[in-house]
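Can you make the complete structure from the sequences, with help from the hints?
From first to last, the protein sequence lines stand for chains A and B. Residues in the first sequence are numbered from 5 upward in steps of one, following the numbering used here. Residues in the second sequence are numbered from 22 upward in steps of one, following the numbering used here.
Wrong hints could be hidden among the right ones.
To be verified - Taking beta-carbon pairs under 10 angstroms as the criterion, some of the chain B residues facing chain A (in silico):
1) Ile116
2) Gly122
3) Leu126
4) Ile127
5) Leu247
In case anyone wonders, no lab produced these hints; they're calculated from the structure. These numbers were taken from a predicted model, which means no experiment stands behind them. Heads up, the beta-carbon is just placed ideally off N, CA and C, and yes, glycines get one too.
Spelled out, the chains give:
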Amino acid sequence: MQLILEKRPQASSLMNFLSPVLAIALTVLMGGLIFAAMGKPPLSALYIYFIDPLTSWWSIEEVLVKAGPLVLIGVGLAVCFKANVWNIGAEGQLTAGALMGAIVPIMLAEWQGPLALLAMLLLGALGGALFAFIPAWLKTRFGVNEILTSLMLVYIAQLLLDWMVRGPWKDPDGYNFPKSVSFDGWHLLPMWGDGRMHLGLVIALVAALVLFWLMRHTLKGFEISVVGSAPKAGAFAGFSQTKMVWFCFAVSGGLAGLAGIIEVAGPIGQLQPHISPNYGFTAIIVAFLGRLNPIGVIFAGILLAISYIGGEGVQIELGVSDKTTQVFQGMLLFFILTCDTLILYRLKWVSSKTKNVSAGETL
Amino acid sequence: MSPYEAILLTIITASTPLLLAAIGELVVERSGVLNLGIEGMMVMGAVCGFAAAHVSGSAWLGVIAAIVAGIAMSLLFGLLTQTLITNQVATGLSITLLGLGLSGLIGSGFVGLPGVQLANVSIPWLSDLPYVGRLIFGQDPLVYISIALTVAVAYVLSRTRIGLIIRAVGQSHDSAHALGYRVVAVRYACIAFGGATSGLAGAYLSLVYTPQWIENMTAGRGWIALALVVFSTWLPGRLAAGAYLFGGVWILGLYAQAMGMGIPSQLLSSLPYVVTIVALVIISTNRRLSVINTPASLGQGFVPDR
Chain A
5 MQLILEKRPQ ASSLMNFLSP VLAIALTVLM GGLIFAAMGK PPLSALYIYF
55 IDPLTSWWSI EEVLVKAGPL VLIGVGLAVC FKANVWNIGA EGQLTAGALM
105 GAIVPIMLAE WQGPLALLAM LLLGALGGAL FAFIPAWLKT RFGVNEILTS
155 LMLVYIAQLL LDWMVRGPWK DPDGYNFPKS VSFDGWHLLP MWGDGRMHLG
205 LVIALVAALV LFWLMRHTLK GFEISVVGSA PKAGAFAGFS QTKMVWFCFA
255 VSGGLAGLAG IIEVAGPIGQ LQPHISPNYG FTAIIVAFLG RLNPIGVIFA
305 GILLAISYIG GEGVQIELGV SDKTTQVFQG MLLFFILTCD TLILYRLKWV
355 SSKTKNVSAG ETL
Chain B
22 MSPYEAILLT IITASTPLLL AAIGELVVER SGVLNLGIEG MMVMGAVCGF
72 AAAHVSGSAW LGVIAAIVAG IAMSLLFGLL TQTLITNQVA TGLSITLLGL
122 GLSGLIGSGF VGLPGVQLAN VSIPWLSDLP YVGRLIFGQD PLVYISIALT
172 VAVAYVLSRT RIGLIIRAVG QSHDSAHALG YRVVAVRYAC IAFGGATSGL
222 AGAYLSLVYT PQWIENMTAG RGWIALALVV FSTWLPGRLA AGAYLFGGVW
272 ILGLYAQAMG MGIPSQLLSS LPYVVTIVAL VIISTNRRLS VINTPASLGQ
322 GFVPDR
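Shown next as structure tokens:
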């Protein structure tokens, strides 16, 4: 007996839905094994990791605060990946957006009011988009692979931020700490709940719904799918590959930049050397887990947000490294890709005997 | 030691991990597979190498552990992309994310512990020659291994039957399959070789370059190695030249920082990444150069027609 992959006549829409569920189950199972290997009680560790964050209103708020940027970046990347454009530098675009948006509170500190906040958000999106235009331009003008350039730019953006908060934008009254002045008044997003929930969550939700509508009900959405899945057919239909690259980088870079300024004008409240726990990279997982579908991305974003909070939970309660979060996230992407094979293929047991017979027939 | 010797020595130390990781990926890509997981395999090599050397006290055991770790990660990549025919770009990314996480978890108990340094080769008399002695005869063993590997890869790819098969598989997997070559098996072997050299590159960082474990200590070198393969237009000789050029840029930045010429250190630290982008642009503008050697099946999964 031998297990082989047999191509399905049509992609299975059932497996498209089941694959993430299966992947989550496999991740939880492997997670339990890893906890056991570290000498921790697996069941209670998993409980602390996945269930505890949802048992108090306080931690649910924390989950939503983390889900906000993940969804915002994730929906942009979902559009990119759907069109077969590989922007993996969202972390850099997030940083660029935070820097550009922070021009208002740092250089125009006197300007207060709703317009100032709006300007911050717009500048943030603009900063992210402009930064994303670098790989877009290099790809369309010179044919440089966007994966490597967008990734290299992450390091460059982070070093730029580091220099800004230690140099020109350092808070003069900050006791020499590497941070900017603290934002105040209209330079901060409106907050509610216990003072953690902020306007950014609404923006993320709206962005996801708008992109869902765009993908489902507009010609642009159709164009994205066609160019991504069948570039030749797209070319015959007159869809421009070049314009698609610019469009994808504009959308995903802009949303990542928006997420950046929302983080610094929301939960953080100032610029500092580290403004994101790898949201830009985790959002890649969010996009895949959400089936590259903006509504799916909302749920995926919440799940990945739980993995952050759960990781902190096991660190505090069981004293394991906070790296468990990254391990869980990496495993999740790994298993989704594994399970996604079942969308196009089905597993089939073949006995070596039947294989010989069929080989004989073809002869 | 004169300053010029010191600079050349450090350039070689900075270049070797890039060369090691890139020479493996070159073979992988020549067989038609794009593995973006170098950073993950490399960082796993670094942590496993450090841990094994620290526990056993033997740097060579560390080197072996790093190779094993690199191969293990690469086989995960192979399982997904070759057997389950997943998207190679996404799978490579998942290997990188998984590697960075796992290495942090494994290494959390080793942060700040003293490492074991792989000793330099010392040949009596030859290593003491003026000017060139230390440079040519007194390096650490992995430098020689990296150069030997580069020469071997260049020879095997261009002059042997095995190399021909690898290139055939990379150029057109359907034709290679029709000729009776086992495409998937060849690719698995190449992927494992890439994993081994990436692991070795990681070991170089944690056993030679800075003999300790620092989280994310690969600092994007895996990605730069990937860029190097593109830059080399898949030719081993050009790859080695590129690796030493990049190592030079890296060291230039460090020296400029040490001299403190009023340039922000962040600007100098970003130099390798900027140079990578510039190099990619230069090579991509020369279409003839890059198109000739690009493996035609690069990044495409192969499903045999049964």
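Verification of the hints:
no.: 1; hint: Ile116; in the structure: holds, 8 angstroms
no.: 2; hint: Gly122; in the structure: holds, 3 angstroms
no.: 3; hint: Leu126; in the structure: holds, 4 angstroms
no.: 4; hint: Ile127; in the structure: holds, 9 angstroms
no.: 5; hint: Leu247; in the structure: holds, 6 angstroms
When the structure is compared with the earlier hints, no violation turns up for any of them.
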